[in-house]
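So the protein lines, in turn, are chains A and B. For the first sequence, position 253 (counting from the first letter as 1) is numbered 252 according to numbering that gives the first Met the number 0, and the numbering increases by one without interruption. For the second sequence, position 101 (counting from the first letter as 1) is numbered 100 according to numbering that gives the first Met the number 0, and the numbering increases by one without interruption.
Worth flagging that the hints you see were computed from the coordinates, not collected in a lab. Just so you know, these numbers come straight off a predicted model, no measurement behind them. Treat the hints loosely; a few may be bogus.
[What the hints assert, rightly or not] With the Cβ distance kept under 10 Å, some of the chain A side facing chain B (calculated, not the full set):
#: 1; residue: 23
#: 2; residue: 140
#: 3; residue: 281
#: 4; residue: 286
#: 5; residue: 319
[Said to hold, decoys possible] Just so you have them, the derived chain B footprint on chain A, three or more residues with Cβ under 8 Å:
#: 6; segment: 303–310
#: 7; segment: 329–337
Glycine included, C-beta positions come from ideal geometry on N, C-alpha and C.
Protein chains: 2
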Amino acid sequence: MPDVNVGIVGLGNVGSGTLAILAENGEQIRLKLGFNLRVKIVCSRNPDAKILPKGLGPVERTRDWHDVVTHPDVDIVAELVGGTTVAREIIEAAIQNRKSVVTANKELMALAGAEIWERAIAAGINLAMEASVAGGIPIHAVLREGISGDRITALYGILNGTSNYILTEIERRGADFEEVLAEAQRLGYAEADPSADVDGEDARSKLAILAALAFGEKITPTDIFTEGIRRISPIDFQYADRLDHTIRLICAARQTPQGLLLSVRPALIPKNTILASVRGAYNAVWVRGQYGGDSFYYGQGAGSLPTGVAVVSDLMRVAREILSGSPERVSPFAHPRLGEYNPIPVTLQRRAFYLRFRVKDRPGIIAALSRILAEKNISLEAVLQLPSDSKQDLPFVITLEPSVEESVQEALRRMEGLDFLVEPPLALPIETAL
Amino acid sequence: MPDVNVGIVGLGNVGSGTLAILAENGEQIRLKLGFNLRVKIVCSRNPDAKILPKGLGPVERTRDWHDVVTHPDVDIVAELVGGTTVAREIIEAAIQNRKSVVTANKELMALAGAEIWERAIAAGINLAMEASVAGGIPIHAVLREGISGDRITALYGILNGTSNYILTEIERRGADFEEVLAEAQRLGYAEADPSADVDGEDARSKLAILAALAFGEKITPTDIFTEGIRRISPIDFQYADRLDHTIRLICAARQTPQGLLLSVRPALIPKNTILASVRGAYNAVWVRGQYGGDSFYYGQGAGSLPTGVAVVSDLMRVAREILSGSPERVSPFAHPRLGEYNPIPVTLQRRAFYLRFRVKDRPGIIAALSRILAEKNISLEAVLQLPSDSKQDLPFVITLEPSVEESVQEALRRMEGLDFLVEPPLALPIETAL
Numbered sequence: 000m001p002d003v004n005v006g007i008v009g010l011g012n013v014g015s016g017t018l019a020i021l022a023e024n025g026e027q028i029r030l031k032l033g034f035n036l037r038v039k040i041v042c043s044r045n046p047d048a049k050i051l052p053k054g055l056g057p058v059e060r061t062r063d064w065h066d067v068v069t070h071p072d073v074d075i076v077a078e079l080v081g082g083t084t085v086a087r088e089i090i091e092a093a094i095q096n097r098k099s100v101v102t103a104n105k106e107l108m109a110l111a112g113a114e115i116w117e118r119a120i121a122a123g124i125n126l127a128m129e130a131s132v133a134g135g136i137p138i139h140a141v142l143r144e145g146i147s148g149d150r151i152t153a154l155y156g157i158l159n160g161t162s163n164y165i166l167t168e169i170e171r172r173g174a175d176f177e178e179v180l181a182e183a184q185r186l187g188y189a190e191a192d193p194s195a196d197v198d199g200e201d202a203r204s205k206l207a208i209l210a211a212l213a214f215g216e217k218i219t220p221t222d223i224f225t226e227g228i229r230r231i232s233p234i235d236f237q238y239a240d241r242l243d244h245t246i247r248l249i250c251a252a253r254q255t256p257q258g259l260l261l262s263v264r265p266a267l268i269p270k271n272t273i274l275a276s277v278r279g280a281y282n283a284v285w286v287r288g289q290y291g292g293d294s295f296y297y298g299q300g301a302g303s304l305p306t307g308v309a310v311v312s313d314l315m316r317v318a319r320e321i322l323s324g325s326p327e328r329v330s331p332f333a334h335p336r337l338g339e340y341n342p343i344p345v346t347l348q349r350r351a352f353y354l355r356f357r358v359k360d361r362p363g364i365i366a367a368l369s370r371i372l373a374e375k376n377i378s379l380e381a382v383l384q385l386p387s388d389s390k391q392d393l394p395f396v397i398t399l400e401p402s403v404e405e406s407v408q409e410a411l412r413r414m415e416g417l418d419f420l421v422e423p424p425l426a427l428p429i430e431t432a433l
Numbered sequence: 000m001p002d003v004n005v006g007i008v009g010l011g012n013v014g015s016g017t018l019a020i021l022a023e024n025g026e027q028i029r030l031k032l033g034f035n036l037r038v039k040i041v042c043s044r045n046p047d048a049k050i051l052p053k054g055l056g057p058v059e060r061t062r063d064w065h066d067v068v069t070h071p072d073v074d075i076v077a078e079l080v081g082g083t084t085v086a087r088e089i090i091e092a093a094i095q096n097r098k099s100v101v102t103a104n105k106e107l108m109a110l111a112g113a114e115i116w117e118r119a120i121a122a123g124i125n126l127a128m129e130a131s132v133a134g135g136i137p138i139h140a141v142l143r144e145g146i147s148g149d150r151i152t153a154l155y156g157i158l159n160g161t162s163n164y165i166l167t168e169i170e171r172r173g174a175d176f177e178e179v180l181a182e183a184q185r186l187g188y189a190e191a192d193p194s195a196d197v198d199g200e201d202a203r204s205k206l207a208i209l210a211a212l213a214f215g216e217k218i219t220p221t222d223i224f225t226e227g228i229r230r231i232s233p234i235d236f237q238y239a240d241r242l243d244h245t246i247r248l249i250c251a252a253r254q255t256p257q258g259l260l261l262s263v264r265p266a267l268i269p270k271n272t273i274l275a276s277v278r279g280a281y282n283a284v285w286v287r288g289q290y291g292g293d294s295f296y297y298g299q300g301a302g303s304l305p306t307g308v309a310v311v312s313d314l315m316r317v318a319r320e321i322l323s324g325s326p327e328r329v330s331p332f333a334h335p336r337l338g339e340y341n342p343i344p345v346t347l348q349r350r351a352f353y354l355r356f357r358v359k360d361r362p363g364i365i366a367a368l369s370r371i372l373a374e375k376n377i378s379l380e381a382v383l384q385l386p387s388d389s390k391q392d393l394p395f396v397i398t399l400e401p402s403v404e405e406s407v408q409e410a411l412r413r414m415e416g417l418d419f420l421v422e423p424p425l426a427l428p429i430e431t432a433l
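Chain A extracted, bound-state conformation (with noise of 0.2 Å):
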C-alpha cells in the first residue's frame, strides 16, 4: 500500500503531542493500519527553536503554511493553530487544494463548522474534528458512529476541565473562587486572563459542537444560554452537600416539545449520579437515548498527548479513507446536513431552584421574600440556614419546587431594592433529570 501523507501546521502544545505519538508509537500505528502514516512536513513559526521528535524519518520544515497546504504529496493537513482567523484561512487552502483536514479546533468550528463542512463534502474530502472537544474522550466517534443508530434525547457535559478543577477545589477545601483561581493560574491550569474558561465561553463553543453533532442543528454559540462560575462559593457547596447534591458547569443540551434547549451554567446535580464524580481537570459527556438508554463518557478534557491521541486517531481514520477511496465516508457531524436551530429561551422551561442570599439579619426577611415569591406564584420547598457566626453577611438558601425561571428571574429582580440583601441573590438550577 503507498504511504498517506500528512502536513502539520502549528507545532505548540497539541502539534507537539500529535508529533510525539506519531514518533513513539508509529510502529503500532502502522501495523494497526496496514501502511505507513508520514509526517512529510510541520510548519511552526519558529522552526529552529523545536526539535523534532526522532522516529519520524525525514521531515521537511517551513515557516510559511501556504506551504503545507499546497504541498504536492501532502493528503492531509492537520490544523493545530486555534484561533478563527488563519486557522481559517489555512483549513480552506487546505479544502480548495483537495487535502483532507483533521483540526483540534473548537472555537472555529463552534462558528463555522457546518460551512467548513459543507465545503469539504464539496471537494470531496474529509474533515475530523475529535480534538475539538473533550480531547481524552473520543466522543465524536461515539455520536457519529458508535450509537449513530440512536435518537439523542438530551446530553449533558462538563467540558471545561479549568472550571471543574476550580469548582471541586472549592469544595474539597473550602477556599474562595479567588484564591483558587490564582493558585490554579500559578500552577498553569488558568490562564492570565481565565474568563474564556471561568465565565463559559469554551464550554459553550464545546456544547455547540457536540449538540451539532448529536442532534444534527446548526448552532450559533452566542445564542446559548451562558453563565458562569465566578459567584460560586464554599458556603453554596456546604449548602448543597446538605440537599445531598454538589455543584459543576453543567453544559446541557436536552429535546423538548417546543424544541432543542441549550444552556452552559453551574447546577446542583445530586451527589449519587456519575456526572457528581467528574473531579479535577477530567471531562465527562452524559448521552440520554431514546433506545439505548443513558451512557457516560469520561477522560481528560484537554493536555498535549492525550489531545494528541485524539488528532493521531482522526489522522488514522482519515488516511484509511483516502486510500479506501471514500474520504467523505460519515459527516463529522453524523447528520449529512445540519438544520437550523431555532433558539428557544431556557427560561421558559420550569425547573426546581437554589436560591442563595447574603443578607444583614433582621426580623422579616423570610416574610418580605416569600411574599415576593407568592406574587409570582411561586412555591418554596425549603428554607435552609446553616449555623453562622456573621450577623452582618448571613448566608440561607431557599429551595423553590418546579417553576418557570423567567418568573424566578422577574421576583430575583423584585428583590433587588430590599434593603437587608448584602449581595444580589444567586440562583442555581438543581438537575433533577440526570
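Given the coordinates of chain A, work out where chain B should sit on it, guided by the hints.
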C-alpha cells in the same frame, strides 16, 4: 443512492429491539445515511408468532436461515440467534455467500472471532460485533477508531450486569447472595441456571473480545483466570467499607513486562474511583492509555433496545462501507491480524489481598494464621474485626501487604487443616491501579 438490504436471523430479545429501532427511527437513520437501510428478510423459528413492527415496508419471512444467507438481494446478515453451533454455521455461510455480517454473539466471537474475521477478510466482506460486549456502550467504536492512536496499557471492566446487580443489592440491603439471586431470578434479571453470569463465564467471553480488540492478541477464553461471586457476603461489604473500598466483579487486562495478564474475579476497589459508582445492571469499561491517560465508558449492559442500538449502528457503519466500496475498511479487532497470546499465570503477580475468615472463637487464632503467612514471607498489613454476636461463626479480616499471589494461595492451602476454620478463607485482591 441504492438501498442497502439487511437480512435478520433471530427475532428474540436483540432481534426484536433491532427491528423496533429500524422501524421507529427509520427516517432519522435514512437522513443520516443518505440512503435506505432496508430489512429485506427475517428468519425466526416460529415466524407466525411475531408481528413485525410497522414502518419497515414489505419484509419477506422464513423459518430457514439458509434463505437469508443465500438471498440475492441481501447485503448484510445480522446473526442474532446466539450460541456457538447454528450461529457459526449462519455466519460462515453468510461469508461464503459474500454477505457482510453483524453479530451480537459474544460467546462465538470470544471463541472463534479471530478465525472468522480472517475468513471475512479473505472474502472481502465486513464483520461487526459492537453488540457482543456491553450493548449500551459503544466500546468497539472507541477502541477500534476513537482512540486507535493510543497504546493501551490496561483495561478494567464491569461486564456482567447480573453479577453487578447482585453485588450491589447485597451491598445495599445486606442480604445474602442466595436471597438476592432468588429475587433476581423472580424479576428476570438472572436466568434459571445463573452459572454463566455468577461464575464469571459470560464476563470472561466479553473480556476475551475486548482484550483482543485493545491489545491485538488472540485470546482463548478458557486461559483466563476466572472466579465468580458466589462467596461474597454482606459482611465482606461491611469490611470493605471499613477499608474505604467496595467489591465488584472486575474483568482486568494489563500489559506487564512479562506479557498480558487477564483475570475475571471479585476484587476490592477504592470507593472514590469511578468504577465504584457503577451500580445495578450497568456495565462499564475503564481504559488506561499510554498517551491519552484514563478514560471511562458506562452504559446499559444488555437489554433489547440498548443492544439493538449497537446492532443498528453496526448495520449503518457496514452499509456505508459497502456503498463506499471499502467493506473491510477497519478490522473489528482494530489490529489487522491478532498475535498469539501467551497466557501468564496471574498468580505470579504481586498485589495486596483481603482475606476473610469465619472461625470458632478461641485463643491463638491470629498467632496460628500469622505463623503460616510468615512462613511464606507474607506481611500482614492489618487485622480487622467488626462487632459480632456469634462466637461460633466469627468473621474477621486480615489484609496483606503486596505479596505474590502464588505464595498467598499456598498459605491458604496450608490453613485448610486448621480446626477453628468454619469454612475456607475468602481471598480477594485489592485493586490499587484504578
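Could you work out which of the previously given hints the structure breaks and list their numbers from low to high? none
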